[in-house]
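> Sequence:
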Amino acid sequence: MVSVRSVVDRVGPTLLHALLVPEDCPAVGDVVIAEPGAESAIAAGDLVLGVATIESADAAALIRVSAGQGAAAVLLKPPLAAKQSVRRAAKSAGIALIQVHAATSWAQLVWLLRTVLDALADESEALEEGGDPGSGDLFRLADAVAAVVDASVTIEDTNSRVLAYSARQDLTDPARVATIMGRRIPDDVLARFRSRGVFRELSRGRQTIFVPAQRDGTLPRLIVPIRMGGELLGSMWAVVPGPVSEERAAAFADAAPVVALHLLRRRAHTDAQRRASAELLRAVLEGQVPPRRVVAELDLSDEPHRVVVVDVSGGDSRDAEGLLLALLERISQGFGRRPVAADLGGLLYVVVPDRPGEGGWPELREALLAQPASRRGGLPRAAAGAPGDPTALAASRAQADEALGLLRAGLVDGRVVAYDEAWTALVLHRAAAGAAAARVSELGPLGVLRAHDEASNAGYVDTLYEWLRHPGDPRAAAERLRIHPNTLRYRMKRLLELVPLNLDDPDVRLALLTQLIALRWS
Numbered sequence: 001m002v003s004v005r006s007v008v009d010r011v012g013p014t015l016l017h018a019l020l021v022p023e024d025c026p027a028v029g030d031v032v033i034a035e036p037g038a039e040s041a042i043a044a045g046d047l048v049l050g051v052a053t054i055e056s057a058d059a060a061a062l063i064r065v066s067a068g069q070g071a072a073a074v075l076l077k078p079p080l081a082a083k084q085s086v087r088r089a090a091k092s093a094g095i096a097l098i099q100v101h102a103a104t105s106w107a108q109l110v111w112l113l114r115t116v117l118d119a120l121a122d123e124s125e126a127l128e129e130g131g132d133p134g135s136g137d138l139f140r141l142a143d144a145v146a147a148v149v150d151a152s153v154t155i156e157d158t159n160s161r162v163l164a165y166s167a168r169q170d171l172t173d174p175a176r177v178a179t180i181m182g183r184r185i186p187d188d189v190l191a192r193f194r195s196r197g198v199f200r201e202l203s204r205g206r207q208t209i210f211v212p213a214q215r216d217g218t219l220p221r222l223i224v225p226i227r228m229g230g231e232l233l234g235s236m237w238a239v240v241p242g243p244v245s246e247e248r249a250a251a252f253a254d255a256a257p258v259v260a261l262h263l264l265r266r267r268a269h270t271d272a273q274r275r276a277s278a279e280l281l282r283a284v285l286e287g288q289v290p291p292r293r294v295v296a297e298l299d300l301s302d303e304p305h306r307v308v309v310v311d312v313s314g315g316d317s318r319d320a321e322g323l324l325l326a327l328l329e330r331i332s333q334g335f336g337r338r339p340v341a342a343d344l345g346g347l348l349y350v351v352v353p354d355r356p357g358e359g360g361w362p363e364l365r366e367a368l369l370a371q372p373a374s375r376r377g378g379l380p381r382a383a384a385g386a387p388g389d390p391t392a393l394a395a396s397r398a399q400a401d402e403a404l405g406l407l408r409a410g411l412v413d414g415r416v417v418a419y420d421e422a423w424t425a426l427v428l429h430r431a432a433a434g435a436a437a438a439r440v441s442e443l444g445p446l447g448v449l450r451a452h453d454e455a456s457n458a459g460y461v462d463t464l465y466e467w468l469r470h471p472g473d474p475r476a477a478a479e480r481l482r483i484h485p486n487t488l489r490y491r492m493k494r495l496l497e498l499v500p501l502n503l504d505d506p507d508v509r510l511a512l513l514t515q516l517i518a519l520r521w522s
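Under UniProt numbering, think of the first position of the sequence shown as 1, with each following residue one higher.
Treat the hints as calculated values from the structure; they're not laboratory data.
Careful: at least some of the hints might be erroneous.
Derived pair list, reagent style SDA-like, types lysine to any residue, alpha-carbon separation capped at 20 Å [unchecked claim]:
(1) K493 - R520
(2) K493 - W521
(3) K493 - I483
(4) K83 - A103
(5) K77 - D118
(6) K91 - D173
(7) K77 - V244
(8) K493 - R430
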C-alpha cells in the first residue's frame, strides 16, 4: 500500500507540503491532471493535479468531484492551496490536500510522482537493506549524459561532492582524477574555479557555463546547474577539449531536469531516513523506548559511544532549527560519516563512537572546534557525555547536559568539553549546589564581609577566596585578582581586622572555602 504521506515524504519538502491528510486516506494508485472546464477521468486512489486552477470556487469543486470518485489527494499551487475556503472543502470532503511549490513544472512533477509511485510499489533490495536508492541509476544517468555531450561527466551536489561520474575516461586531467578519487573537488581546484566566478554563475541560474583551460593544465569545463522549484540541487561538469557547439551545450542542459528528479528522490529518501532516526533517537534519549531497539535500528556498533549536545548561540526560537540543521550539514561535510543526530529542546544531540579515526568522537570534536560563528556572531558550544555502552545513551545524554551547563555558566574554559575531563568542575559544582541548598553561606562571619563589600566595594570576599585557593603563594593570588601582592597583603590585614578569623586552623580554611565555593559555583 502506497500512502499519500509516503509519497509526500519521498518527493520531499522542496516540492510538496501536506496541508491536510485524513487518517482514512485511500492508497495512492496513479497521477491524473485535471483542468477547469475539461472532463477528467479521475479514478480511486488518484493524485489529482489542479493544473491551471486559479479560482477558489474551481478548486473547491475539483476537491468535491475528486473525493466523490475516491481520489487520494488534490495537489494545488499557492496561494490557492492555503486559502481557508479550499482547506475547508478538503476537510469536509475527507480528501488529502497537498501544496505544490510555486516554481515547480507540472510536467516534471507528473514524471517525478510516477517515478516515486513505481519505486514505492516495488522497493528495491537496496532500499530494504537501508542502502542509497537510485545511486546506481545516477551512475547510469551520468553515462547517458556523457554520451549526449560526448565528454566525461561528473554529477555533484551543492558542496562540490561527487555523487556519480561517467565510466568514460578518454579525456581527463589531474583535477578530474583527484575529484573522483576524493569524491569532491580538491580545495585548490575549487579555489581556482571560485576565483573565476563559476559558483557565482551557478547560483545565478545560468543555463550553461564554459570555463576555458587553465595555466596549470586543467582542461576546459562545461558546467550546467541542476535546479528544481527554484532551488539549486547541484551541478554537472563535463571535461571538454575546447568550446562546445550550441547544440551540444543545449543537449547537455536538457539533461539537467532529469538529473534533478533523481537528486530529489535521493535526497527525499535520505531526509526520510534522517527523520526516522531522529525520532527514534529523541525517544531513547527521553527514555521512552528500550535502548536495545535504538542500537539495532540505528545500526550502532558494539563499542562505547558518547552523546554530544551542541548549543548554537546567537539564534532565537524562530531560526534555531535552521541553525542546528545548517550546523549538522557543516559537521557532516568534514566528518567521516553522517552522525546519528536529533534536535531536542532547541539543542542538537549527536551519537558517536568513542574511538579515534573516521566517525569517532575526536574527529567530531575537531569538526565542532572548526565551525565558524553563526550569522549573528555566536559560536557553537558542545559537551560530550562519558563513553558507555550504546544501550546507556540516556545516561550519557544526562552527563552531556550537565557538562553543557558548566560551559554555559562559564565554569569551564573553551567551547567543547567532555564530561569525564571536567570532573573537578563537576565535583565543585555539585558540592556547591549541595552547600547552597543547606544555606551554609549564612553561617559564620562571611555575611559581614559580603555586607561590607556591598557597601564599599572593597573586594574582601574575592580576596579571601583567592588567598585560600593559593595558600602560601600571594603572588599567584594577586595575579588572579589583577592587583599587586602588597595590595593583597593590605586587604587581608584589613579583612582580618573586620572579622577576626583563625586562618591557621585548617578546619576554618576548609569551612570558608566551602562557603565561598557555594557562592561562586551554585
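> Run the distance test for K493 versus W521: straight-line Cα separation, threshold 20 Å.
This hinted pair is violated, its Cα atoms lying about 26 Å apart.
> Within 20 Å, alpha carbon to alpha carbon, are K77 and D118?
violated, 24 Å
> Is K493 within 20 Å of I483, Cα to Cα?
Measuring from Cα to Cα gives roughly 15 Å; hence the hint holds.
> Would you check the hint for K77 and V244, treating anything up to 20 Å between C-alpha atoms as holding?
violated, 38 Å
> Would the pair K493 and R520 pass a check requiring their Cα atoms to be no farther apart than 20 Å?
violated, 23 Å
> For the pair supplied as a hint, K493 and R430, is the alpha-carbon distance within the 20 Å limit?
It is violated: about 32 Å lies between the C-alpha atoms, which goes past 20 Å.
> For K83 and A103, compute the direct alpha-carbon distance and say whether it is at most 20 Å.
Distance of about 18 Å is within 20 Å: holds.
> Tell me if the straight-line CA distance from K91 to D173 falls inside 20 Å.
Status violated; Cα separation ~59 Å.
Checked against the numbered hints given earlier, this structure breaks hints 1, 2, 5, 6, 7, 8; the rest are met.
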